[in-house]
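Asks: One-letter residues, chain by chain:
There are 2 protein chains.
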Amino acid sequence: MHILIIGAAGMVGRKLTQALLAAGTIAGRDISALTLVDVVAADVPVSDTPISALAADLSLPGTAQTLAATRPDLIFHLAAIVSGEAEADFDKGYRINLDGTRLLLEAIRQEGMKAPYCPRLVFTSSIAVFGAPLPPAIPDDMAHTPLTSYGTQKAICELLLADYSRRGFVDGIGIRLPTVVVRPGKPNKAASGFFSGIIREPLNGMEAVLPVDDSVRHWFASPRSAIGFLLHAAGLDTAPLGQRRNLSMPGLSATIAEEIAALERFGGTKALRLIRREPDETIARIVAGWPQNFDTGRAIALGFRAETSFDDIVRAHIEDELGGQIGNG
Amino acid sequence: MHILIIGAAGMVGRKLTQALLAAGTIAGRDISALTLVDVVAADVPVSDTPISALAADLSLPGTAQTLAATRPDLIFHLAAIVSGEAEADFDKGYRINLDGTRLLLEAIRQEGMKAPYCPRLVFTSSIAVFGAPLPPAIPDDMAHTPLTSYGTQKAICELLLADYSRRGFVDGIGIRLPTVVVRPGKPNKAASGFFSGIIREPLNGMEAVLPVDDSVRHWFASPRSAIGFLLHAAGLDTAPLGQRRNLSMPGLSATIAEEIAALERFGGTKALRLIRREPDETIARIVAGWPQNFDTGRAIALGFRAETSFDDIVRAHIEDELGGQIGNG
Chain D
1 MHILIIGAAG
11 MVGRKLTQAL
21 LAAGTIAGRD
31 ISALTLVDVV
41 AADVPVSDTP
51 ISALAADLSL
61 PGTAQTLAAT
71 RPDLIFHLAA
81 IVSGEAEADF
91 DKGYRINLDG
101 TRLLLEAIRQ
111 EGMKAPYCPR
121 LVFTSSIAVF
131 GAPLPPAIPD
141 DMAHTPLTSY
151 GTQKAICELL
161 LADYSRRGFV
171 DGIGIRLPTV
181 VVRPGKPNKA
191 ASGFFSGIIR
201 EPLNGMEAVL
211 PVDDSVRHWF
221 ASPRSAIGFL
231 LHAAGLDTAP
241 LGQRRNLSMP
251 GLSATIAEEI
261 AALERFGGTK
271 ALRLIRREPD
281 ETIARIVAGW
291 PQNFDTGRAI
301 ALGFRAETSF
311 DDIVRAHIED
321 ELGGQIGNG
Chain X
1 MHILIIGAAG
11 MVGRKLTQAL
21 LAAGTIAGRD
31 ISALTLVDVV
41 AADVPVSDTP
51 ISALAADLSL
61 PGTAQTLAAT
71 RPDLIFHLAA
81 IVSGEAEADF
91 DKGYRINLDG
101 TRLLLEAIRQ
111 EGMKAPYCPR
121 LVFTSSIAVF
131 GAPLPPAIPD
141 DMAHTPLTSY
151 GTQKAICELL
161 LADYSRRGFV
171 DGIGIRLPTV
181 VVRPGKPNKA
191 ASGFFSGIIR
201 EPLNGMEAVL
211 PVDDSVRHWF
221 ASPRSAIGFL
231 LHAAGLDTAP
241 LGQRRNLSMP
251 GLSATIAEEI
261 AALERFGGTK
271 ALRLIRREPD
281 ETIARIVAGW
291 PQNFDTGRAI
301 ALGFRAETSF
311 DDIVRAHIED
321 ELGGQIGNG
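Just so you know, the protein sequences line up as chains D and X, in that order. Just so you know, we're using our numbering here: the first sequence kicks off at 1 and counts up by one. Just so you know, we're using our numbering here: the second sequence kicks off at 1 and counts up by one.
Since no wrong hints were added, every one of them can be taken at face value.
Among the chain X residues that face chain D by a calculated CB cut under 7 Å, a handful are:
1. M142
2. A143
3. L147
4. S149
5. T152
6. A155
7. I156
8. L159
9. D163
10. Q243
Please keep in mind that the hints were generated in silico from the structure rather than gathered at the bench. Note that this is a predicted model, so its numbers are computed, not measured. Yeah, the Cβ is synthetic: ideal placement off N, Cα and C, and Gly gets one too.
Using the sequences provided together with the hints, build the complete structure.
Replies: This is the structure in structure tokens:
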């Protein structure tokens with residue numbers, strides 16, 4: 001099985017690459033080759049599996065055709081301009097997030113006109129397709145109500161994925177990831193960055209800023225769960241999905257207070273004292289428009305699984321990123 | 001006020017043109033000029049109001065810019081490839097229904113970059129954005145679940161309209177029309193054609209085929225109501241819409257049996273006998289996937305109004321199309 005990962009250089013893409021190489025198989029079939037694509041060339045891990053890395057912009061003419069022409073059996077499309085940038089640069093957001101995805105779908109369809117071809121396509125959508133006012137737990141049949149251009153672009157891609165799948169041009173599945181915490185690496189400027197920061201930094205002996213109230217509720221899954229969703233989606237029987245090809249992934253609905261309580265259980269009062277409360281009204285207002293809880297019965301019935309406590313999320317971070325050891329002890 | 005109608009040559013476009021000219025004003029302002037655009041030049045009615053008619057394809061480069069450059073105050077965008085054709089010709093459907101609308105929105109945005117410009121844009125969406133399985137009455141916050149490429153394209157345009165409005169590039173409102181009956185003119189090949197045919201033909205002394213069971217329920221409004229929706233949307237204060245710019249219009253949920261009972265009240269047993277029952281499994285299957293009823297509380301609160309009985313719909317047809325007289329008597 002030849003696998004193509006678009007957006008391979010990002011955090012999720014790198015972890016997915018490692019997981020695929022570690023498994024050696026997916027959906028019961030051997031992985032024969034891996035193609036890694038991103039706007040910057042992804043690092044190529046040492047492996048017996050043939051891996052090629054390509055620096056390419058999916059939104060430029062020819063890129064999607066070149067990729068589809070290699071007829072991968074399975075495609076992960078993870079590439080996107082993030083929310084803040086898509087809001088700041090309207091043209092770039094639509095070009096990468098909408099046109100890039102449409103060009104990919106269209107290249108797959110054109111390839112299928114030359115000779116039968118209908119690859120599995122796993123697309124990472126986002127809970128940003130939903131915006132306030134929202135019900136207490138958002139069901140899969142809630143309307144797309146994005147409050148950002150990023151969320152609009154993801155919602156449009158969900159519709160395209162469903163239509164191209166219905167027509168038999170691709171075998172698509174779109175998965176809406178919860179906010180992924182604890183993200184490894186350095187703090188970033190994303191409005192959601194503090195959700196990871198207030199665990200990651202204190203466990204590393206560093207201070208972290210908390211810009212919102214402890215009562216704020218949000219929707220979480222670990223990077224480990226995110227990779228689990230992608231692998232499960234790749235092997236899933238899509239027939240039970242019917243025409244509804246996009247799913248909210250399971251996650252944990254938890255408050256900042258619950259998150260901090262988990263931090264204390266692993267890092268003690270020493271870690272706790274490293275959280276500096278610095279209210280930021282702008283961030284608080286943005287976060288207030290975000291989804292807080294989902295009804296993911298459909299995804300759970302299909303076998304998707306996530307953490308059920310913040311302790312599990314912190315433990316996954318310590319095991320996967322810190323070698324099982326907390327660095328501030 | 002300069003008004004642009006795109007899709008002016010169709011049934012709704014022609015009736016809208018007549019209604020605007022008859023009123024002379026809209027939203028309390030005089031109509032100073034009317035531009036009628038369609039792929040074929042629309043008929044230009046005799047009027048004191050300056051009217052220009054243009055045959056142009058919105059999906060071709062330059063058309064949208066040319067139209068936006070005239071800076072109309074109010075734009076009605078009614079143009080679309082219908083459901084059956086969009087399903088039969090995948091490329092054409094996406095080109096006209098998606099790309100055409102996106103080019104229009106983009107031309108308006110570009111025009112606004114030269115000098116402030118934010119016209120009201122009334123867009124006709126469709127109940128085809130919803131497909132089975134559906135709840136007994138579809139609320140506005142039901143997910144887009146189209147089962148056709150046409151419905152997918154309309155759903156995507158709704159999302160674009162909302163995002164361009166949120167960003168302040170246009171003042172958009174999307175209205176999902178019920179199935180419009182009784183359509184004047186000749187029978188057509190649309191799967192929904194019989195809903196009009198079984199009223200129109202018998203009242204005209206002609207036979208009409210009924211391909212589905214009398215128990216079939218569907219969602220209706222008269223052409224008169226459709227024009228009323230458009231005019232009301234043109235003058236509506238959009239602030240109460242918030243970020244949710246797309247609305248299901250009010251309509252009448254009725255069965256074929258109720259429709260036939262109304263026919264009998266106006267046309268007698270003579271009209272009744274002109275309905276020939278000829279079950280068609282293909283049409284029955286298509287119709288079974290269509291919405292049957294909506295919760296339109298939101299549109300009603302905003303002042304949109306439709307018929308509340310099939311008698312009202314038949315009466316509107318007799319008054320507006322038959323000069324108040326039934327032709328088979």
